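Protein chains: 2
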Amino acid sequence: MKLVALAGGVGAGKFLRGLVRAIPPSDVTVVVNTGDDIELHGLHISPDIDSVTYWLADVADRERGWGRAKETFTAMDKVRELGGQAWFGLGDQDLATHLVRTQWLAEGKPLSEITDRLRRAHEISTPLLPMSDDPVRTWMLEVDDEGMEHYQPFQMYWVGHGGRCHVKEIRFEGADDATPAPGVVEAIADADTILLCPSNPVVSIGPILSVPGIREAIPGRPVIGVSPIVAGAPLAGMADKLMPVAGLEVSAFGAASAYKDLATGFVIDERDEALATRIEGELGMRVAVTDTIMSDDAAAERVARAALELL
Amino acid sequence: MKLVALAGGVGAGKFLRGLVRAIPPSDVTVVVNTGDDIELHGLHISPDIDSVTYWLADVADRERGWGRAKETFTAMDKVRELGGQAWFGLGDQDLATHLVRTQWLAEGKPLSEITDRLRRAHEISTPLLPMSDDPVRTWMLEVDDEGMEHYQPFQMYWVGHGGRCHVKEIRFEGADDATPAPGVVEAIADADTILLCPSNPVVSIGPILSVPGIREAIPGRPVIGVSPIVAGAPLAGMADKLMPVAGLEVSAFGAASAYKDLATGFVIDERDEALATRIEGELGMRVAVTDTIMSDDAAAERVARAALELL
Numbered sequence: 001m002k003l004v005a006l007a008g009g010v011g012a013g014k015f016l017r018g019l020v021r022a023i024p025p026s027d028v029t030v031v032v033n034t035g036d037d038i039e040l041h042g043l044h045i046s047p048d049i050d051s052v053t054y055w056l057a058d059v060a061d062r063e064r065g066w067g068r069a070k071e072t073f074t075a076m077d078k079v080r081e082l083g084g085q086a087w088f089g090l091g092d093q094d095l096a097t098h099l100v101r102t103q104w105l106a107e108g109k110p111l112s113e114i115t116d117r118l119r120r121a122h123e124i125s126t127p128l129l130p131m132s133d134d135p136v137r138t139w140m141l142e143v144d145d146e147g148m149e150h151y152q153p154f155q156m157y158w159v160g161h162g163g164r165c166h167v168k169e170i171r172f173e174g175a176d177d178a179t180p181a182p183g184v185v186e187a188i189a190d191a192d193t194i195l196l197c198p199s200n201p202v203v204s205i206g207p208i209l210s211v212p213g214i215r216e217a218i219p220g221r222p223v224i225g226v227s228p229i230v231a232g233a234p235l236a237g238m239a240d241k242l243m244p245v246a247g248l249e250v251s252a253f254g255a256a257s258a259y260k261d262l263a264t265g266f267v268i269d270e271r272d273e274a275l276a277t278r279i280e281g282e283l284g285m286r287v288a289v290t291d292t293i294m295s296d297d298a299a300a301e302r303v304a305r306a307a308l309e310l311l
Numbered sequence: 001m002k003l004v005a006l007a008g009g010v011g012a013g014k015f016l017r018g019l020v021r022a023i024p025p026s027d028v029t030v031v032v033n034t035g036d037d038i039e040l041h042g043l044h045i046s047p048d049i050d051s052v053t054y055w056l057a058d059v060a061d062r063e064r065g066w067g068r069a070k071e072t073f074t075a076m077d078k079v080r081e082l083g084g085q086a087w088f089g090l091g092d093q094d095l096a097t098h099l100v101r102t103q104w105l106a107e108g109k110p111l112s113e114i115t116d117r118l119r120r121a122h123e124i125s126t127p128l129l130p131m132s133d134d135p136v137r138t139w140m141l142e143v144d145d146e147g148m149e150h151y152q153p154f155q156m157y158w159v160g161h162g163g164r165c166h167v168k169e170i171r172f173e174g175a176d177d178a179t180p181a182p183g184v185v186e187a188i189a190d191a192d193t194i195l196l197c198p199s200n201p202v203v204s205i206g207p208i209l210s211v212p213g214i215r216e217a218i219p220g221r222p223v224i225g226v227s228p229i230v231a232g233a234p235l236a237g238m239a240d241k242l243m244p245v246a247g248l249e250v251s252a253f254g255a256a257s258a259y260k261d262l263a264t265g266f267v268i269d270e271r272d273e274a275l276a277t278r279i280e281g282e283l284g285m286r287v288a289v290t291d292t293i294m295s296d297d298a299a300a301e302r303v304a305r306a307a308l309e310l311l
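Read top to bottom, the protein sequences are chains Z and R.
Numbering-wise, the first sequence is residues 1 to 311 according to the numbering used here.
Numbering-wise, the second sequence is residues 1 to 311 according to the numbering used here.
Worth flagging that the hints you see were computed from the coordinates, not collected in a lab.
These figures come from a predicted structure and were not determined experimentally.
Everything hinted at is true.
Pairwise CB distance ranges (calculated):
#1 Z:Ser125 x R:Gly147: 40 to 48 angstroms
#2 R:Glu146 x Z:Pro212: 48 to 56 angstroms
#3 Z:Ser295 x R:Asp144: 54 to 62 angstroms
#4 Z:Glu81 x R:Ser125: 15 to 23 angstroms
#5 Z:Tyr151 x R:Glu39: 24 to 32 angstroms
#6 R:Ser295 x Z:Arg80: 29 to 37 angstroms
Glycine included, each C-beta is placed from N, C-alpha and C at the ideal position.
Pulled out of the complex, with its shape left as it was, chain Z reads as follows (with noise of 0.2 angstroms):
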């Protein structure tokens, strides 16, 4: 059985440890959302990527839920002392992921072979691929205290602010023009299935499937999607705030209504199993209920295995 998983960033990394402890690491190819990188300090980071690419290699730091285990911030605390922008964290051997994406870059190689040469570098068997090689930015239309409306990058909203503005619009700049990475499409088409991980549906599966031709590629075989939403609040991140500026409610039902006429199938936490018969009669999915807080690999293999359940 061969699989596509489209995925965010921490929520993904921890559920793609459990899929590849339940299916050989190499049947599923993860396609990453990019609309959240950012260049800082002339540097390209994809912080979707290298969190996928972390988790696979389990080099990711799971306390502090970013960036990797036994990091220093040598670079950072300097920047901070020099008076420049500290705001995005940034570990000594994170930097190196960036220098060398960065490097690879202005010598004109794509993103997608860049992710490649640096899932290789850290011996993950499992292909990841960007979204598109073509620059997809999520900008956030805010209104801040007086009424005034301004754009802000998603990592200056979420990362340099908080997430403290209120949003009132969000725009994947560069979508309409952009196309899937090589492989994409390919992928899909080859798949049997296709996993929506337990990412935010707006900013982080949202611009994956507002590239032309990804969404496109799905139907015809099941769907199946991870809430990222438990007892009505989000694990981690900011969907509590960005689902309704989509028109979703802040629920497990509000998550699986982003994958209406795309999901065929779909996981929530046993906490919200009063929602399943909703889900099932208004979204015509099926539903699997269990423990979706991905508390260890074996916690991510059980909820990868109630998604794979539903085939």
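Guided by the hints, dock chain R onto chain Z, whose structure is given.
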């Protein structure tokens, strides 16, 4: 007394530490070579500006000869592991300098303003100016073992390939169209004396003098050089390889003759005392003789005082 010092990297840094023991630090303005700046990993690296900054801030590594003291190399070790370009050593603290410089350049700030910000962050009271805010890059026309000619940027020639290639020609790309950084011509016009630090006359002081308007602003006051060549060899660097390319003999006399019609005085090492008469006779410069080995700040002060005593 107001001074302007034209400076390359480490040799200049050592000399300047001595100079600011001999005169008030704010009485000298340092104009630094940017011809060997390099863009790597997307970062703008200004090796000579950084050397001078680190030496004046007393954070330079005195044994390694480049970079900062008490440095770690976590990021660069990882870059090597990931298959990236690790030939140009960048410490973790040092990286911060390049990160903030690159970010500020991306925000539209000129190099001169950035250099000044970094100077202030390092609590240096000596004004530092890049020779130009415009890109001037030193390129080497090399001839390889097969007789093939190819151009390399200076850092690739020197750091990348250890100065092993035969250099046929040296070009300062962009110099013709460059203008001196704001304050450079004014500082020279305002100075009683110009000092030429013991830097490579060809690839350190040469690029500074190649910026139209800088050399022209100098005449009319004492110009004192310090030989970077002792007993027919450079104390550091590659002057022995590059002086012949510029038609200069590799000696204190050759170093002095690089500043013919410019320098009015020249400091040479006591080991080269026999050359004093020739420099005075053929080049018309006053000569001071001292031990020019700058093994510590006190030794550097001795060299600086020898230069000042030529006034």
